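Engineer: Chain by chain, the residues run as shown.
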Amino acid sequence: MRIRRLQAIALKELLQIWRDPRSLMIALLMPFTQMFLLGYGVTLDLKHIPICTFDREASQNSQALLKHFEASSYFTISRNIRSYPDLVDAIDRSDCKVAIVIPPDFSERLNDTGRSTVQAILDATDDNTANIAFGYAIAVVSGYSNDVALDTLDRQGAQFQQIQPMTVQSRVWFNEDLESRNFIIPGVVAVIMALVGAQLTSLTISREWERGTMELLVSTPVTPSEVMVGKLAPYLLLGWIDAAFCLVLATFWFGVPFRGTVFTLFATTTLFLIVVLGIGYLLSVLIRSQIGASQIAMLLTMLPTTLLSGYVFPIDQMPTVIQDITYLVYSRYYVTIIKAIFLKGAGIPALALPILFLLVYAAAVMTLAARAFRKSLD
Amino acid sequence: MNGAGPTPQAAKSDQVIADDLVKRFGDFVAVDHVSFRIARGEIMGFLGPNGAGKSTIIRTLCGLLRPSSGRAIVGGIDVARDPEAVRQRIGYMSQKFSLYRDLTVEENLRFFGGIYNVPRIELRERMRFAIDMAGLAGREQALVGTLAGGWLQRLALGCAVLHRPPILFLDEPTSGVEPASRRRFWDLIHSLASEGVTVLVSTHYMEEAEYCHHIALINHGRLIATGSPAELKRTAIGGDLLLLECDAPGATLEALQDAPDVRDCSVFGDALHVLVGNAEKSLTELPELLAAKGLRPRHVAQIPPTLEDVFVQLIAADGAAQRAAA
Amino acid sequence: MSPEQPIIQVDGLIKRFAEFRAVDRLSFSVNRGEIFGLVGPDGAGKTATMRMLAGVMRPDGGAILIDGIDAVADPEETKQHVSYMPQRFGLYEDLTVDENIRFYADLFEVPSPLRRERASRLLAASGMTHFGKFRAGQLSGGMKQKLGVICALVHTPKILLLDEPTTGVDPVSRRDFWRILYGLREDGVTIVISTAYLDEAERCNRLTLMHSGRALYCDTPAALKKHMPGTLIAISSADGRAVRSAITGKPGVSQVLLVGDGVHAVVDNADMRIPQLREDIRLAGVSISDVAVAVPSIEDVFVALLETGEAK
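Chains as they are written, first to last, in the numbering used here: chain A, -17 to 360; chain B, 10 to 335; chain C, 41 to 352.
Calculated directly from the structure, the hints in this document are not laboratory data. It should be emphasised that the depicted structure is a prediction, and the values quoted were computed from it without experimental measurement. C-beta atoms are modelled at their ideal positions from N, C-alpha and C, and glycine is treated no differently. Some hints could be false.
To be verified - Only some residues are given here: those of chain B computed to face chain C with a beta carbon under 7 Å: (1) Asp28; (2) Tyr101; (3) Tyr220; (4) Phe320.
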């Protein structure tokens, strides 16, 4: 590899990027808008679920239970219903997702048998939300149930030491607020890098063939490796700028806690950029039409990265076959890495395995791209 | 020969008249007081460097641009007054033969017939004429995209004359076409001209210019010469042309730079073309002059100038005249 | 490599595009320091041949030797000393004139001071000294051509390959361009130029006349003209069509062609036929001003050769 030729190609590419408004827009505007869209748009938490209450007993006990629902941050009481037809109507009109019905013999049964039931009617057109809401409702009722039990024991004048019931005190490590945002946004950064990176480089070779400048270039002694490294260098620079931008946004705007070191982040991000830029470049070499290359690039990066990288859908919840396939999805390794760096403060030794996979990927892509580049019109 | 001289045929039958035509685009004068006449049945060639104003003149004549001053009269109609009527009377064939490659021969003809408003009854007969002229009988259903250059060219001509226009404009009509096809094409043009069609051709191809009855040379928006090819070759070159075959063209060229009576000198293959004031004189003088400098040409003879020689000399002379006047 | 041996040797070159034979067993040789023409109409296979010489397209058969190197087996070796100017503008429209020149100088590792000196000399010779900061896309067609040549010459190649550089260029600019080429020839550069303008063949030292992927002839222009089958005569008359009707089909007469000031025709024996034709014309009642032997143009030779099916 001759350094001068490499430099010449890198400089030319840089000038062209700088003077092309379209690629600058992809490079700078797209990550910006994606961060905000995905950052704010995607959340897995449910808060303030609207519920209706139908208190058929209207006793002190029933009101006490409903107060628990009121106090919960998961629920907002939107309506108090007085009849079943009204209830059906409320759910139909989506005034509430859950209706809590307290039967007219609630207190009576509680006093007689010590057990009573509460009905929860769910709008299951949105299955996920319904399930989650149900879980929350159970939790609220359990809370009430505990209170009633302790109260009863107390009134019965238990003369024994209050047995503290065993409760599981969960201590959430690494994402204490259980803010889904904290674990999604680092993944979002990975997704954006994957998309933007491949789009940028997918046009670089095909554009030169279409414009006719490649015909002249391949008549010179320049080698495929020189072309590849020279062309990727400016895009790496752009990639660093983009990544820095997204990561700064994540930390300072979205407030995702950053516990790792900048060095680890930089090193692993560089490696990932090399992979995605390399993939875009490889596509550009293989597909000599600009439109074709760019569309295939979108296909091969968007789908795997959003569905199979683990950024929002956990990999270990997927069917085993699919799990095996995700080993091929390069963004999966970076998603793991970036979440670990942000939330766990992991260093390079801890991330050795995903880093190794990315290294192998990078080597494979670069070798393929260099080999596939033919200095010939046919 | 210069400017406004009428062509030999009777002035009454002039089909295209440009009278002191001027076209300005802002401060830029694209057409600068151009006057010429083309008689019925005449083939006139427009020559000139790129950007000389040929296309602007043609567009004005077609009614696509309004003259800034002066008049353009085409087929008896003043272009500025009634551009639409003018377009009925002209046929236009462009450089890239604008035919639709994914339509058949017949569909293309039908399309252009519609565009030119050829009456139904006539259209069938005209289409037959065009197909025969192009030699495409039996291939009416062939997709135009499958035809080679010469066929396309003749078909494009056919499409341009469906409505029997008395005047035909051809813009670089034979670029990229084989010589044999080109000759056949020009045969057709001559045949149309003999039937009374007036033809105006814009071209770079000197060989094409030879096919024309008259030539107009345009430079920087001005008409700097007109005449038949033969006339121009005889009178416009401003001297006699000598061919000088030698072994060291570069050195010989240098040696002739200040030679007396040498107006211009350029390398041509293994020889030099030398423009002198008087062939007889130079035929004896130059070899002596060169011998004195140790150069011995193999052969010196007078040769007839080509249109290209004429063209280049005229442009150069015009350039010099303009600079002197400035 | 002895100086007498050709610097380029092509033998039996073949190139196919699906069923179509673009280049069909083409053979020719180019001598050191000469201007060699690949001359022929569109579709003759010129561009495919140039691309194979430049190493940007692979032949399907045959051999190419460039300065002793097997260009088919090892095209990369040849690229150090060859400069190629494709038919389509191959420079970067979004880079300036200076940036383009610098890019190509760097690709050939031309030392900076040398590049600066050469660039300014070449720009001055092309009248483009003040155009350094212009984007290449803003230049006129003629200037783009010149820029292409400058970039091709900045590293002083031994061989220059030019694919139809004068197509669509007006005669004045064409003459300027040839002046540049002759200057290069003086400096010892070997030039291979392809053109569809048959009259440009006369400007070359030697040429190959091509048609349908084959060579019709390969020699100097003068020898080519002597190889013309028959003699060209020019009949001056105001009524070309009548003259044509009068002489077409007469014995020994072929390729009757209408031109602006009369008729051209090819006869097998001028001394015999001219008087005969004068008689035929007189009998037909057509007036003519002159009948004379004319020098055939390369196009006349080309058409005649095709017609008679002759090939070297």
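Engineer: For each hint, tell me whether it holds in the structure or not.
Structural biologist: Status of each hint after checking the structure:
1. Asp28: Status violated, d = 25 Å.
2. Tyr101: violated (20 Å)
3. Tyr220: holds (6 Å)
4. Phe320: Since chain C brings a Cβ to about 5 Å from B:Phe320, closer than 7 Å, the hint holds.
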